[in-house]
Amino acid sequence: MHEWALADAIVNSSLKLAKDKGLKKINEILIRIGEVNSIDLDAFSFALSEIMKGTILENSKITYKEINATLKCNNCGFIFNYKDEFNKLTPDEKEAIHFIPETVHIYLRCPNCGSIDFDFIEGRGIYLEDIK
Amino acid sequence: MNLLDPRAPYIKKRFEKINRVIGVSSGKGGVGKSTISTFLALLLKQKGYKTGLLDLDIYGPSTHVILGVKNAKLNENLGVEPLNIDNLKFFSTIFFTENKPFLMRGNELSDALLEILTIVNWGELDFLVIDMPPGFGEATLDLLRLIKKIEFLIITNPSVISLETVKKLIQTLKEGKYKIVGLIENMKSTDEDFVIKSCDELNINYLGSVPYFYDIEMTYGNIETMSESNVSLFLDKVLNKILF
Chain A
1 MHEWALADAI VNSSLKLAKD KGLKKINEIL IRIGEVNSID LDAFSFALSE IMKGTILENS
61 KITYKEINAT LKCNNCGFIF NYKDEFNKLT PDEKEAIHFI PETVHIYLRC PNCGSIDFDF
121 IEGRGIYLED IK
Chain B
133 MNLLDPRAPY IKKRFEKINR VIGVSSGKGG VGKSTISTFL ALLLKQKGYK TGLLDLDIYG
193 PSTHVILGVK NAKLNENLGV EPLNIDNLKF FSTIFFTENK PFLMRGNELS DALLEILTIV
253 NWGELDFLVI DMPPGFGEAT LDLLRLIKKI EFLIITNPSV ISLETVKKLI QTLKEGKYKI
313 VGLIENMKST DEDFVIKSCD ELNINYLGSV PYFYDIEMTY GNIETMSESN VSLFLDKVLN
373 KILF
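Chains A and B, in that order, are what the protein sequence lines are. So in the working numbering, spot 112 of the first sequence is number 112, and the numbers just go up one at a time. Throughout, the working numbering is defined as the position within the second sequence, counted from one, plus 132.
Treat the hints as calculated values from the structure; they're not laboratory data. In this text, a Cβ means the ideal position worked out from N, Cα and C, and glycines have one as well. Keep in mind that a hint or two might mislead.
Reference listing, derived: stretches of chain B covered by chain A, where coverage requires no fewer than 3 residues with Cβ under 8 Å from a Cβ of chain A [stated by the list, open to error]:
(1) 137-143
(2) 227-233
(3) 250-262
Below 27 Å or equal to it, Euclidean Cα-Cα: the simulated DSS-like pairs (lysine-lysine) are [unchecked claim]:
(4) A:16 to B:306
(5) B:281 to B:320
(6) B:149 to B:309
(7) B:281 to A:16
(8) B:160 to B:373
(9) B:281 to A:19
(10) A:94 to A:53
(11) A:19 to B:149
(12) B:160 to A:25
(13) A:24 to A:72
With the rest of the complex left out, here is chain B:
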């Protein structure tokens, strides 16, 4: 008989214990996807939800920088346990890469992703926030295949270049009938409203805009300061639109 890879069916079983999976996606890199992912996960945790944050931007992970995590040895219990940061469960490949470049071809990226989803034991969660890789490559396609309950939070800049790719991402997700919780316009610095108009045309929930905060990086690594930042305040205002 054909060899059976046991990982995919097992991943489905693992994710039965996770109530909602929010994939934070963008068409382009550099739009603040990792920042929004991290701040959203922290906010959900503060609201009392059991929350996990998974960095699947495997070629360029950065949520650990935002959280101020340098290195850690993960415990093993029925798999690999995520790092517990003040009750936020966090997993990134940086725990295994010594912060060195982790580059491979697409088929191996898929294998790495399956391995991570198989071995990481999240336990029961209300929310798992996933910092998705930019664009629409293997990792996104794999997640769509493996985690049927995934919902997407789309991030763009107020830039026609970002929006051009974001539109394609949205069209693809809509065609596949995936849930899109809404779009956040990040790093806004003008009154231009072309992103709002595009959301109307695409029938997407425009959640609002986050102004460009030049000092946001000053908060990185300090969860208390991050929680009081303007990005957190904005997310707090739109959280109900994301959750319901």
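Here chain A stands alone, though its shape is the one from the complex:
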């Protein structure tokens, strides 16, 4: 699954951060997930737990912070809610965005002026926020 690669990337960075901080055991991992990535949290959590086995991350609590996506049109300045536009898409279009979020520029338009030239204000990407 595609979530596996992203989970593996989070584990890779968590282990590196633990080493940098000199931590021997991790109890909690804080992860920030942008809405645009439309991650299947069950699949992502399963992948994390499998990849963390046998490492200092095993059995640590995973805390997710989900960030709603907001977009701003560079052409007319209109700020719009991602979900409202995303919900109008076909399953195939939604799946493309799930794999490569920037494909929003193919399938979405600014609802005010129709432009493809808009930016994410927030809600894109998966980040490691901290480990404890």
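Go by the hints and put chain B onto chain A.
Same frame as chain A, now just chain B:
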């Protein structure tokens, strides 16, 4: 603490399983970079090397046209698996774009590139051939940052206009001490030797010239015919210079 983007370090880990990465680059579009990339990848595959072809000309992908790939659903296994075409592993954004224009600003192009390099599971490869975007923009800079082992194969036309930009590309790569395997002069139709002289001046390995084959597009989509084409025969002759 600051948010950590886990993709860049993970990409470095992914590329540890790839022995050599060859970025096929040019200063200008339209010089045959995608054609050379595709034919080179096919030739390496035929020689028995585990080979991948990655189309990173995201604004104008075309290697799928050369390979005759229309659309495909990619499998997921520890990421996204490239399409397997007769043992050539192939990835292009066209699998997600319905062949529609995929246009965005530079910072988002960088994000798309990082996402692709993170999620595509190439497994172990001897060679990954990358069809680079024309010029020297975000994608090239990102690849230089993320894939330290990348080597460049430069393509130009026998045109002072192409060469003018290619020289700048070469100067930049040399300044950064990146490996340049050589330069191919593509679509040659005269005896002019100014490209050879420029290679001498720049201390670049001139690999040779590919004549302009008006019928090369007739081979597209048929791997067997492509393998017997004049472009393949030329690349076969210079392959040792590229590999060693």
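Item to check | Proposed proximity, residue 72 (chain A) with residue 24 (chain A) (alpha carbon, max 27 Å) | outcome: The hint is violated at about 43 Å.
Checklist entry - Holds or violated: residue 160 (chain B) with residue 25 (chain A), Cα cutoff 27 Å? => result Violated - the C-alpha atoms of residue 25 (chain A) and residue 160 (chain B) are around 52 Å apart, more than 27 Å.
Checklist entry - Regarding the pair residue 160 (chain B) and residue 373 (chain B), is the alpha-carbon distance no greater than 27 Å? => result holds (24 Å)
Checklist entry - Counting residues of the stretch 227-233 of chain B that have a beta-carbon nearer than 8 Å to any beta-carbon of chain A, does the count reach 3? => result holds (count 5)
Next on the checklist: For residue 16 (chain A) and residue 306 (chain B), compute the direct alpha-carbon distance and say whether it is at most 27 Å.
Outcome noted: Violated. Residue 16 (chain A) to residue 306 (chain B) sits at ~32 Å, over the 27 Å cutoff.
Next on the checklist: Is the coverage entry for the stretch 250-262 of chain B by chain A consistent with the three-residue Cβ rule at 8 Å?
Outcome noted: With 3 residues closer than 8 Å to chain A, the stretch 250-262 of chain B meets the three-residue bar; holds.
Next on the checklist: Between the alpha carbons of residue 19 (chain A) and residue 149 (chain B), is the straight-line distance 27 Å or under?
Outcome noted: holds (23 Å)
Item to check | Distance restraint between residue 149 (chain B) and residue 309 (chain B), which requires alpha-carbon spacing of 27 Å or less | outcome: Holds: residue 149 (chain B) and residue 309 (chain B) sit about 23 Å apart, inside 27 Å.
Item to check | Proximity test - 8 Å, beta-carbon atoms, the stretch 137-143 of chain B to chain A, at least three hits | outcome: holds (count 5)
Checklist entry - Is the Cα-Cα distance between residue 94 (chain A) and residue 53 (chain A) 27 Å or less? => result violated (32 Å)
Checklist entry - For the pair supplied as a hint, residue 281 (chain B) and residue 320 (chain B), is the alpha-carbon distance within the 27 Å limit? => result With Cα atoms ~30 Å apart, residue 281 (chain B) and residue 320 (chain B) exceed 27 Å; violated.
Next on the checklist: Check whether the Cα positions of residue 281 (chain B) and residue 16 (chain A) lie no farther apart than 27 Å.
Outcome noted: holds (22 Å)
Checked against the numbered hints given earlier, the structure breaks hints 4, 5, 10, 12 and 13 and satisfies all the rest.
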